[in-house]
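Numbers 1 to 397, taken from the working numbering, label the letters of the sequence shown in order.
Keep in mind the hints are simulated off the structure, nothing from the lab.
The C-beta atom is built at its ideal place from N, Cα and C for all residues, glycine as well.
There's no promise every hint is true.
Result set (DSSO-like, lysine-lysine): computed pairs, CA atoms no more than 27 angstroms apart in a straight line [as the list claims (entries may be wrong)]: (1) Lys-118 <-> Lys-107; (2) Lys-144 <-> Lys-133; (3) Lys-149 <-> Lys-131; (4) Lys-229 <-> Lys-280; (5) Lys-229 <-> Lys-303; (6) Lys-34 <-> Lys-107; (7) Lys-118 <-> Lys-131.
Simulated restraints, written as ranges between beta carbons of each label pair [stated by the list, open to error]: (8) Glu-295 <-> Ser-56: 13 to 21 angstroms; (9) Glu-146 <-> Gln-97: 35 to 43 angstroms; (10) Ser-260 <-> Thr-78: 15 to 23 angstroms; (11) Asn-330 <-> Pro-274: 21 to 29 angstroms; (12) Leu-315 <-> Glu-146: 42 to 50 angstroms; (13) Met-177 <-> Pro-84: 24 to 32 angstroms.
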Amino acid sequence: MPRPSTDSPRQHQQWHHSLRRTPLERLPVELIQKIFFECLEINLPRASLPIALALSNDVIHTWLIRLAFSSNNESARTGFFTKPYLPLDYFSLSASQRASLQTEILKCRWCTLPLMRKCQREHVEHVIRGKCKDLRISCADRQKLENLKPYWESMDRFDPRPPGSRGSGDLTVEARMSRPPLPQENIQPENGSATSTFVSITPTPAPNTTNVSIIPGASAANTHSASRKIAIWFNSGSVQIRERSPIFQETDVFRLPSCSTREPCRIPDRLLCPPWTPEKLEFLTLLSTEAYIDENERRDRSKAVLRQVIDDRDLETFQYMLGMHIRAKNYGYPFPWPVRQTHYRAAARMADRKDDDPFLRILFTDRKGEVPATDQSIKALLAKYEQREREREIFKS
1 MPRPSTDSPR QHQQWHHSLR RTPLERLPVE LIQKIFFECL EINLPRASLP IALALSNDVI
61 HTWLIRLAFS SNNESARTGF FTKPYLPLDY FSLSASQRAS LQTEILKCRW CTLPLMRKCQ
121 REHVEHVIRG KCKDLRISCA DRQKLENLKP YWESMDRFDP RPPGSRGSGD LTVEARMSRP
181 PLPQENIQPE NGSATSTFVS ITPTPAPNTT NVSIIPGASA ANTHSASRKI AIWFNSGSVQ
241 IRERSPIFQE TDVFRLPSCS TREPCRIPDR LLCPPWTPEK LEFLTLLSTE AYIDENERRD
301 RSKAVLRQVI DDRDLETFQY MLGMHIRAKN YGYPFPWPVR QTHYRAAARM ADRKDDDPFL
361 RILFTDRKGE VPATDQSIKA LLAKYEQRER EREIFKS
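All chains should be modelled from the sequences, with the hints used to inform the complete structure.
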């Protein structure tokens, strides 16, 4: 490389900067991206600005979320993770590796609620395109599946209900399985040849439209078909295609985000601290029944978060959290946000009026059964609260 003249400071600076670059930084962007996907080292972009610029790409971030947070349900194991949708090998990761990748991704600033919601929509659309293409669906229901935008816009973004208690679906569509093709329909042209496709590591976005290829309706008599029901839960990004049954079971569900029951990932600290914006609470709620907050039965993190909210006198966030379900690493099922003796004591100490404090009122109403039986001072406050409530009822009548 020719040395720049002394009268061009900018060129002189660029020349020295190029000499300081590491061998990895001097590689083409495509090779840096390929190396990144081979090692899946989430901290690699933090190594230097040139590497960060090479890997700061919305499509790369989308692929990472699909790789890490797509569900590993039974129906997703065949014909679902196509190259255009995810050029990476989804099944190359073990459960523990996927949990570690999820934890690291959630720490990244680029992993935002809008990006996760976008990935949810694309995930649901991909399920419909891939798994419903051979189903017979009425024209009216087909139009619903082809235009899900109104459902995404009107969904309950703060739905705290855990899996198993969300009902049978925000949208349900009846369908029928088509008859298997006749043998002669499977005959390939004699001169037909298989084609191979090479997927470049250069990011290319997946289709954004829900192009649902669905066979028109037909009678059961001549198709030998079986009934199916397509159910979609929009807030959790879930789709289920199940046989019709009077007993509903939330099994074999396509979901994003999804974490392993036995090896979940960890919710990052950045989602467990103020300021408690609506977007942060929505993101925390979305993850709370999939990823874990607490390591064990001591519930240290969830206890500290709720204590801080009480100390900050953030009544709205406090009431919202008491309605949430969360997970612990050592327990496979979501449970209500735990309340401990320290929370009752902190609320009593911070109360402006002991007999009519809003924090104590919520605790004594929503979590009355968790009042410590051995704490006489808290039980005395509870008795005063109940007495005041009885007086209010008398005055109302």
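Please list, smallest to largest, the hint numbers that this structure does not respect.
Hint check: 4, 5, 8 fail, others pass.
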